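Colleague: Protein chains in written order, with numbering that gives the first Met the number 0: chain A, 0 to 298; chain B, 0 to 509.
Since the hints were derived computationally from the structure, they do not count as laboratory data.
Check each hint, because a few of them may be wrong.
[What the hints assert, rightly or not] In the BS3-like style, the derived pairs of lysine-lysine whose C-alpha atoms are separated by at most 27 Å in a straight line are:
(1) Lys9/B to Lys267/A
(2) Lys9/B to Lys129/A
(3) Lys127/A to Lys9/B
(4) Lys267/A to Lys292/A
Source: prediction; values computed, not measured.
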Amino acid sequence: MSNHVITTTNLGMRYGRHTVLNGLNLEVPKGSVYALVGSNGAGKTTTLQILMNLLRGHTGAANVLGVDSRHLTVKEYARIGYVSEGQEMPDSMTVAEFLAFWRPFYPTWDNAREQELLQLLRLPLDRKLKHLSRGMRMKAALISSLSYRPELIVLDEPFSGLDPLIRDEFIEGLLAHADESTILISSHDLAEIESFSSHVGLLEDGHMAFSEETTTLTNRFREIEVRVELTALPPKLPATWVRAETASALVRFVETQWHPERTAQEIKEVFPTATDYQANAMPLRSIFVALAKAARKAA
Amino acid sequence: MRHILHIVTKDLRQAWPYGAAALAVLLVNTANFARVLATRGSEQAAALTVQLPLDWLLAITWALYYGVVLLGDTIPGTRQHWISRPLRWQSLLAAKLLLLPLFALPVAAAHLVQLSLRGFPLADHAGPVIANAFWLVFAGLLPVAALASLCRNLQQLALWILALAAGVLAVQQWDAALSTAIQGVVNDVTVAAVILACAGILLWQYATRRTAPARIATIVLALVIATLPHWPAALWRTFIHTKDSPTTLALSPPIEWNGDVLRVPFRTTHLSTKSRLKRNDWLVHISTREVATTDVRTVDGYEFVKAGDLELSTPSGFLTDHAAESVDVDITGEFTVFSEPSDQSIPSKGDRFLPGIGRCQTWVDKLQIIDCQSVLGAANRLEIVPLRKIGDQLNSQKSTAVALSGEQSPWGLVPQLHPIALLSGDLALSWSTETPNILLRTRTPIAHIQRSLQLRGVKLVDLLPQTKPRQPQENESSPLGDILNPPAPKPHSPIADYFSPHNAPAKAPQ
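Kindly generate the complete structure, drawing on both the sequences and the hints.
Modeller: Right, here's the structure in full:
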């Protein structure tokens with residue numbers, strides 16, 4: 000088996016005339032925590048549903064755990080934990096009944112881990128699922144998906160609508176018991192993802208804008224502020240600079256390929272009269288906002 | 000199998016309130032039905048009044064119960080908690096279908112109680128009754144399962160059921176179906192098509208979860224199946240009626256012959272005013288008068304309807320092939336042809352008979368097939384035959400032949416589900432002041448019927464006081480023989496009250 004737990008090749012999907020995925024290529028390395036991010040309608044949920052064989056892509060191929068996603072069997076599903084936002088749960092069951100129902104289906108179900116998760120996430124066993132809050136239901140789904148030590152955990156917008164406390168508990172439970180798993184998570188919550196994702200991929204207009212390790216991504220992006228007197232920005236700027244703007248003796252832009260020496264040299268060439276510049280590290284959220292605005296402007 | 004049972008257990012546990020409600024309604028229904036059978040007069044009328052709503056309630060509660068169970072693991076959609084789990088669709092479907100036999104058990108138990116109350120020995124009838132209960136539950140709930148596999152919740156399921164029912168009814172109103180002797184075949188085909196379609200939809204949905212095409216296919220199939228009963232009529236009109244086809248005439252002994260007029264009860268669906276037909280080696284020229292409308296006349300106290308418009312078809316399943324034995328009669332000259340009566344009180348296919356209902360309080364001219372699918376399955380078939388005179392003698396031989404020539408559904412796809420209620424209904428038939436006699440023919444040993452229905456002796460005494468009962472031959476198994484040689488009557492039976500003098504035939508045939 001390759002080093003990738005999930006791969007997609009030119010994956011395409013459309014609803015009617017609307018193309019959702021357009022030649023998506025995705026690779027999720029084994030053991031990684033891969034964050035799939037993108038704006039609403041970018042195709043994150045569709046991608047995950049194709050990977051879980053809940054939908055069929057129109058073109059391309061998807062491979063999960065070495066198997067074509069269209070041919071996933073109970074053998075593979077027993078190695079996958081899938082939790083999605085708004086998942087339909089058997090409301091009339093209690094948490095205990097829900098867990099008891101799924102237990103026999105997983106040969107690797109670990110009762111000790113189940114108990115640990117229950118204690119960690121403080122879930123009432125005797126409460127019916129329909130009487131649980133949204134966050135609690137997600138916790139129940141997570142426990143039922145982690146107790147059998149899945150090799151792959153797929154989470155579709157798990158933090159959507161959760162309050163910060165529940166979110167923290169959820170992430171804690173996930174990280175505490177998913178050390179040996181590969182995690183693919185789609186989310187809008189970039190701040191939360193940044194804290195634990197090892198890889199990140201940006202889905203834009205149905206294709207992957209970029210996909211790389213989180214540290215590499217954050218290391219190559221810098222927000223640069225240059226002190227220089229200018230009446231207008233030069234007409235030609237390096238291609239790696241985006242969102243350049245000027246105001247009161249200050250030029251600000253985002254360097255997408257930050258390298259201390261090279262970037263300093265470029266600044267000197269573009270702004271010969273510059274007196275000083277400052278390079279600030281950017282959180283994921285700022286990086287994606289900058290990229291999204293740049294893409295919109297270019298469009 | 001372990002997983003299947005696990006799912007079944009989960010389903011039963013989750014839907015237990017609905018199951019309890021369904022069982023409660025079944026209990027009430029059974030109790031009321033027992034009251035219908037055990038009482039008379041106003042009390043019985045009251046019980047009958049609530050029986051139909053109870054029947055509907057029973058069907059609805061069981062459908063609801065099964066719907067809830069099925070919708071516990073909905074098929075349409077992509078957000079169900081189970082679809083990305085190691086759960087085989089075959090296991091899920093098997094678990095849902097496994098509930099059907101479980102559901103049939105209480106129904107069978109209720110029917111066995113009914114049977115027991117009516118005096119039938121359970122050892123003899125438990126098998127057919129249980130099989131019948133299983134069939135009822137299977138045939139009744141399989142469509143619910145198919146529709147539930149297309150729906151996300153109970154509201155959708157209810158809407159689908161109502162919409163499809165409305166659509167099917169609308170299609171059936173479109174044109175009257177041809178009612179012929181092949182109606183049984185058409186019904187068999189329809190039932191088989193419904194079951195096959197439901198099974199196909201279920202398999203398709205559970206295997207592929209492609210709901211949109213499955214919904215379209217369901218609508219198309221429902222409409223096609225709803226039109227099935229119309230196909231014979233359409234084919235008839237298109238390919239047969241336009242040709243000069245030979246008239247089919249079913250001659251049904253007994254025949255009345257007084258030298259001038261031969262009265263031949265018959266039924267035909269296509270007969271011109273002058274027809275020539277060959278039947279059982281009889282070459283008969285039939286001449287009928289031009290009568291534009293149905294003519295009713297009374298002959299010997301019996302009311303006949305003479306059909307001038309001889310393209311009349313009757314709703315009852317008439318035997319077209321039972322006059323197989325030769326009749327030594329010279330049929331020449333003018334004779335009058337009598338059609339079947341059009342009296343709607345004649346029992347017809349689908350009727351359910353209960354004492355006191357009054358639908359059958361009229362004469363029955365000839366062999367009628369009462370092909371009901373009703374409550375229990377104690378008897379497979381009930382035929383009612385009047386023993387009429389031919390000439391001055393009771394031609395028991397001929398009558399027996401008639402009785403034994405029961406029309407069977409050729410393919411036998413639809414079990415003949417005759418309940419004890421139906422066997423009770425023949426009592427209602429026997430009240431008729433104009434019915435000389437009836438003959439029951441069922442697969443139930445006739446002695447059991449007699450014992451249960453208290454028929455023995457009563458009718459023979461009342462109807463044939465001047466006739467010496469024919470002694471049965473050794474090893475003879477004729478049901479007529481059983482009637483003619485009944486065991487001694489029980490001291491008292493409430494059913495025997497039906498044969499009170501004011502209901503019994505006023506005058507026995509001479």
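Colleague: Is the hinted pair Lys267/A and Lys292/A satisfied, with a Cα-Cα distance of at most 27 Å?
Modeller: holds (26 Å)
Colleague: Would you check the hint for Lys9/B and Lys129/A, treating anything up to 27 Å between C-alpha atoms as holding?
Modeller: holds (17 Å)
Colleague: For the pair supplied as a hint, Lys9/B and Lys267/A, is the alpha-carbon distance within the 27 Å limit?
Modeller: Between Lys9/B and Lys267/A the Cα gap is close to 72 Å, so the pair fails against 27 Å, i.e. violated.
Colleague: Assess, step by step, whether the Cα of Lys127/A is no farther than 27 Å from the Cα of Lys9/B, and give holds or violated.
Modeller: Within the cut-off at roughly 14 Å; holds.
Of the numbered hints stated above, the single one contradicted by the structure is hint 1.
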